[in-house]
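Chemist: This is what each chain is made of:
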Amino acid sequence: MSDVTDATTAKRGPTPDDALRIADSGDGGPVLAADGTPLKRSLSRALRVQKMRALALIAPLLVFVLISFIVPIGDMLFRSVENRMVGDTLPYTVEELSKWDGASDALPPEAVYRDLYFDLFLAAEMKRHTRLGSRLNYESSGMSSLFRQAGRKLDDPGDEAQEALEAIDERWGERETYFELFNAAEGAEIDNDLLKAQKKRIRYLSDTVPTGEMDFSPSAEVSALLPLAARVYTSFAVITGMVDNKVVAKTKPMESLYLALVQDVTRPGFADDLAAYNGPQKDALAALANSGLTAPDYTAIFEEVDRDWVNLDTWRVIQTHSGTFTSGYFLNAVDMQKTPEGPAVQPENKRVLIQLFIRTLIMSLTIMGACILLAYPVAWLLSNLPARKANVLMILVLLPFWTSLLVRTSAWKVMLQQQGVINDVLVWIGLVADNDRLVMINNQFGTITAMTHILLPFMILPMYSVMSTINPSYVRAAKSLGATNWTAFWRVYFPQSIPGIGAGSILVFILSIGYYITPEIVGGTKGVFISNRIAYHISSSLNWGLAAALGTILLAVVLLLYWCYDKIVGIDNVKLG
Amino acid sequence: MKFTATLMATTALTAAASMASAQDMADSMTIVSWGGAYQTSQQKAYAEPYKEANPEVSISWDESSNEAVAKLRAMNEANNLTWDLVDVTGADAMRLCDEGLAMEIDHDEMLAEGDDGSSATDDFGEVIVSDCFIPQIVYSTTFGYRTDMVPEGTEPPSSICDVFDTETYPGKRSLEKRPINNMEWALMCDGVANDEIYDVLATDEGQQRALDKLETIKDDVVWWSAGADTPQLLADGEVFIGSTYNGRLFSVIEEQKQPVAMMWDGQVYDFDGWIIPAGLPEDRLARVVDFVKKTTDTQHLADQAKYISYGPARASSAPLVGKHADLGIDMAQHMPTDPANAGNVLQPNFNFWADYRDDIDAKFQSWLAQ
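As given, the protein sequences belong to chains A and B, one line each in that order. Take 100 as the starting number for the first sequence in this note's numbering and just add one per residue. Take 847 as the starting number for the second sequence in this note's numbering and just add one per residue.
Chain B on its own, in the form it takes in the complex (with noise of 0.2 Å):
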């Protein structure tokens, strides 16, 4: 059935067979990605090496990923691609396999083996989370709190639910604007036990209990939209505790020195790699594979955690990750990935939310407006 598929892995395999040509691959390619600390980890863990290698190869970057659904939509109906490669998160990666504007991957054709020899499936596992998407790292959506507005004679929050205990912990909260992750704290936080969480939000009861739990905060809440919201907020004092990437938090507590700690309790996973748009032309192609290749192989995955603290998405990368390039520091402890940090941890359920996330969100910003 699969035939399409076949077809454009038959491709990709042809293209990749012919590597030893390189005049049959495009030397110039347009890869999106998130800009700022992120982007500039990728540039010199993987973009860097593999120009040294091509030097041929010019490389552009957009900073688009943001709107990169919308906008290879828009391509894809403009008939006019102008992206080889784009970076989204594992629950875009979905939807835009959904809408066959992504390229469907033979990942054991297409990506390296582990070092370790493991196949490319068995290497990321379940971080391959749609048949488009081609995993890099694992980063969490956690809290950060200020220690200097921990009320004095408490221990500083250490769980998830201390967030919704505004009587202990006095303080506004940051919280993003949408409903994903803060429904299944919520509900985490209201006796819910975390593999069950998915089923009760199915329901509409489900679903009110956690607008309903949310409610006893509603008040104490700073809804942000953009990753950077709460890293300024706590930064400035404006909220106590907040939730955000945790590499944005990293940065905040080791790089500006602010008064944060982070606290891992609740973590909730996410992932996020790359997709190659579908119809792209086939030297352009040849690029992109070529590139994949040998951009996401174990060592190349685990040298990226040297400028950002996002967890390789490679099992066999975890051991190799090693200190941070400019701060010296060990980057191990810093992984959401890490033991001592993964405790409590949520896996989001991408097919769950591909199916409620209109319902939800209809939910969601009509509990908010209220």
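Same shape as in the complex, but just chain A (with noise of 0.2 Å):
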């Protein structure tokens, strides 16, 4: 499509660099400038600031694209193979969930349940449980509520934990207690690599960067003793502190601290390892060792509150869906879907977009043809009548063009309907029973013949724009060369009109490829494209990963059949005016 190729003849026209390939073509030394260095390297160098001023006059106009166009569209696209969610809600379970065997008959291990435990309580917390689950909705039915209601139910097992905990002593029932077993008092060591990683948790689950000083920093010498209650005041201090910006001393701890306290002193050693401890509570901890508390069982908890914790199939599709990036979306585009076994075939009924693609496609074509039959006479009637007449008939083409496209849709319907102006018509000169009137509409040949006429103008211009650069005298000297009426056309100015054709099918199947409004108003069932599912995923499903899977499917298709064109019919051979 570049202005500076002419096809007809096939050589380039002059560039800046022409001097230099010259100066490179000669044969038999160097050839020098005025100052005596390689006329070559002078060159290049005068060259090299000449691309550099153009390069910097276009440079906002291709900060502007890459910023408000590439750049979405490409973190868009990205998110047909993104999948963080999973292993960001519920970074500990996911790890812990890697070590089983998805094939087995076996549920996973308690280990599993306890990570999920604090994990989904830290997401419900942070009103992230519910996302999760809408999102392994997509893969499985029933995860939406299964997720909702866990994150209403983790409650009470904590707050079970903290009355067993304040029935042995007291000072389990203070928040001060806790503050200060965690804290690391001034000159103890402090465990850096956990603070790190909570924040990092945090800022995923709030979308916010945790900042802002925080009066609180975990000792390195309890979370040894109690590894998991000092993950969890972490991440509770972490949002206290530097998400909601209050006292962490103050705050009363969340649920969730207390069970894991529990599950803590009830770990195998830790009577020994309390022992050789000598921080703060020690001895209320001493009095936890002794009280006989027993650990908590974690998929009883589960079990109580959806049945469907302790099935296989839940545990298999989070184990499926748990890596960072995945091939789901795309199998999801493709009537596949992604299984613990493999990439398996969609079930019968739920088969659509396939059939979809391939529609659109056909649907595409059909119009792209529909619209040369009918744009070249009249580009042809343009280009050959007298100006005046051919303005007159240019603002026919341009009127249409220049109405809304709501508008002109919506004509259509008015047009096509049972009850509409053409069955009318029909009715009335008796073509047509009154009892039989033609459907015209909420199917394929309503979209075809309404895009058509809304694409119509796409293909008229670059047609009319090349028709009217060809020489009539060639014609005329072919017929005066004995032609008849139809060779001259044929042989003579047809070829001629052929890049125009080219631009305005690739523009008006380009545009009818991603079409989706017409298709939404006037295509009932059948007559409907891809771009009306992409549509629905974007705005009513929210499955935007499945969504932009089904865009990158269809900009590489289209980018395919543009390499194609330009392999058999050739891009030069394209003009648009």
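Check before you lean on any hint, since a few could be wrong.
Unchecked claim - For lysine-lysine, the following BS3-like pairs were computed, each having C-alpha atoms within a straight-line distance of at most 25 Å:
#1 A:512 x B:1152
#2 A:449 x B:1064
#3 B:1103 x B:1152
#4 B:1103 x A:512
#5 B:1064 x A:625
These aren't lab readings, by the way, just hints derived from the structure by calculation. Here the structure is a predicted model, which means the values were calculated and not measured.
Grab the two chains, each in its own frame, and use the hints to assemble them into the complex.
Modeler: Set out below in structure tokens:
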């Protein structure tokens, strides 16, 4: 589509680096410039400056296009493979779950349920568990309410644990006790790794960067003694101190902390570790260690929340979709699905997308063909009529072009429907029986008709601009040499008009393949395009990953067809004006 | 556990407490609604009285409720929240709440008591379908039919199953191009009791059964996707009977005087109300909280029914529903909740659709495309 190239002679016009090429082609020793340097070097230096200046001139546009167009599109397309949500929301669970064999008939071990409890508790605290539920619900129905309910019911075990702790020693009922226990005292060693890891988690869960000064830093000694509780308390402290900007020591900890503490003091070897411990609350901890507390049964907790948590399929879904990147969306986009056993075809009653892709292509080609047939004579008339008549005709072409798309589509609805203008006329002249009116809308015919009309100017205008440059004397010369009207047209005029057809076809085809609103209004069920599904997944189901995968495939198909076109017809044979 | 929620509620409370000092509140707000007659009814019943009491406030309206969920998510990702209050359906409110895009509400704290003294939670009752939802109206998706197209000598349709009876009632039907409601109606007319519908629909066989029932009328169906489609199709005589929102039918029948009548049997209730986007700055939040508290009380909700035939979401508002502001007709009998209309009503199960929506929609679309 470049203007520099002349299609008829295939000879390139002069370009700034011609001199360079001429200098290059010379044989026998370097040509020198006036100041003695090789001409080639001095020329390329001069050219570099020129190129930089040209680049600087287009730089604002380039940056604008990059920021407002390329980057957002790239970001959107990236969503088709991105799947960080599962791993970021349930980091410890996913790590523990990766050790589980999904093909086995045994439920994941207790450790997975333990991590799930604390991961999910924190996610629920930050209102992220339901988001994860929606994400996994795309893969398996029921996940949405499974996560929503779990978020409501995880408090209770924590509350029970708190009561048990308080019953053993009153100090465990006071928030200061916990702060003193986990906070690193003046000069004590700080567990920076733990702090950093929790900050990173909260940063993801809260969508904000935890900033600001916090009056808490986790003590390394305690985090070795009580690893789980220290982790829970640190994440609580980051939320309280750095996201909500409140005083950690004066805030009531999350319920999960109590359960974590019970977990830690009942772990094997705790008594020995406690004996070596010399930090704060040693006697309160000792009271816990000697109280005969039992470790929480997380599997039972989840079983009580919902039976589906002890269902193997639930865990297989989570495990299958826990990677940072996923092929799942692309598989869904071609009517397949990601299963623990690898990619599999969707059940027959859920397949629709491939069919829509094919339909979109076929209908776009049909629309393109219809546009060529209708536009060619019009463009020929436009370029051959006397200027005054041609101008009137041109306005008739442009008028619908300037009319709102919705108005034109709705007008077709009025024309084509069963009680519409066309049917009424046909019934009136007796061609069609009143009780047997033609169905011309809410099907493929409706979409093709309306879209052909809407896209027609995009075909006429490039054709016209090419035809108006065809010299009429060629056809006259052909005729004077004895050609019939048909031969003169087919052998002389038509080949010269092909660049216009090519340009119009590419425009119409690419525009129609992504059309959305017209098929939605007049397409019914059989006349809708793949873009209607993309729109549904963007705005209704919120499955942006699938929408991105569908969009990526559509883009790839268009680029592929463009490439084929270039190979077969040659993109140089396209002229937009 | 509802630690974040408590926090938010506390913020809201502080905001409510400082209501007297208006300088803490933003004096402009952007409200998002559906446009058309419905938005006008909100402007008249809520916004105008509020502006009279608070002349410094300017309210701008955005007609984007259709795409509210997607747009709120985009705003959230771009960290650029331009909306203050959004009108959405109950199902969307639930989704926005799940996605963390809507703020959780403490209904008793933030909303006014009913004028009969009942707490907001009791007054709204089951209409509070999500922790983030501030209900306004109960509407229903129901059927309207052309009175002049009823075959001679037959009774006008009076049962939802007449929609599936193309022999007695020939002619096209218009149904919404999505599984919700259609699947329920199909099962209802396939002999499933109302309270078992969602259990049946949760199984593959039940879903197939509903699609098979719809298959019997598939060739006679025009599928709609915008609420205005069925009223237009009815007015043009394109279809004999069609589903749409009851307020749309009210305006076709009473305002445009078309030969159309309501068929309330099998109507499916749905709710519409406000959500407050999560993450509003304090001054804007204070303004919204103030607006919501004052405009969702018993009287204001009842006032909205003067302009549109949707039922107020508060039980205490029902006795206050009066006459239409322009037409002067008694509105109570046009409410979906009126006992005469509420004989056979289906309560939609939002939890069910939150879970099964994606799965059933894929099957429904695949079925449509065949």
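Chemist: Between residue 449 (chain A) and residue 1064 (chain B), does the CA-CA distance stay at or below 25 Å?
Modeler: holds (18 Å)
Chemist: Within a Cα-Cα threshold of 25 Å, do residue 1064 (chain B) and residue 625 (chain A) meet the stated pairing?
Modeler: Holds, at roughly 12 Å.
Chemist: Given the hinted pair residue 512 (chain A) and residue 1152 (chain B), is their Cα-Cα distance within 25 Å?
Modeler: violated (34 Å)
Chemist: Starting from residue 1103 (chain B), check that the Cα of residue 512 (chain A) is at most 25 Å away, please.
Modeler: holds (23 Å)
Chemist: Given the hint that residue 1103 (chain B) pairs with residue 1152 (chain B), test it: the Cα-Cα distance must not exceed 25 Å.
Modeler: Satisfied, since the Cα-Cα distance of roughly 19 Å is no more than 25 Å.
Against the hints set out earlier in the document, a violation occurs for number 1 only.
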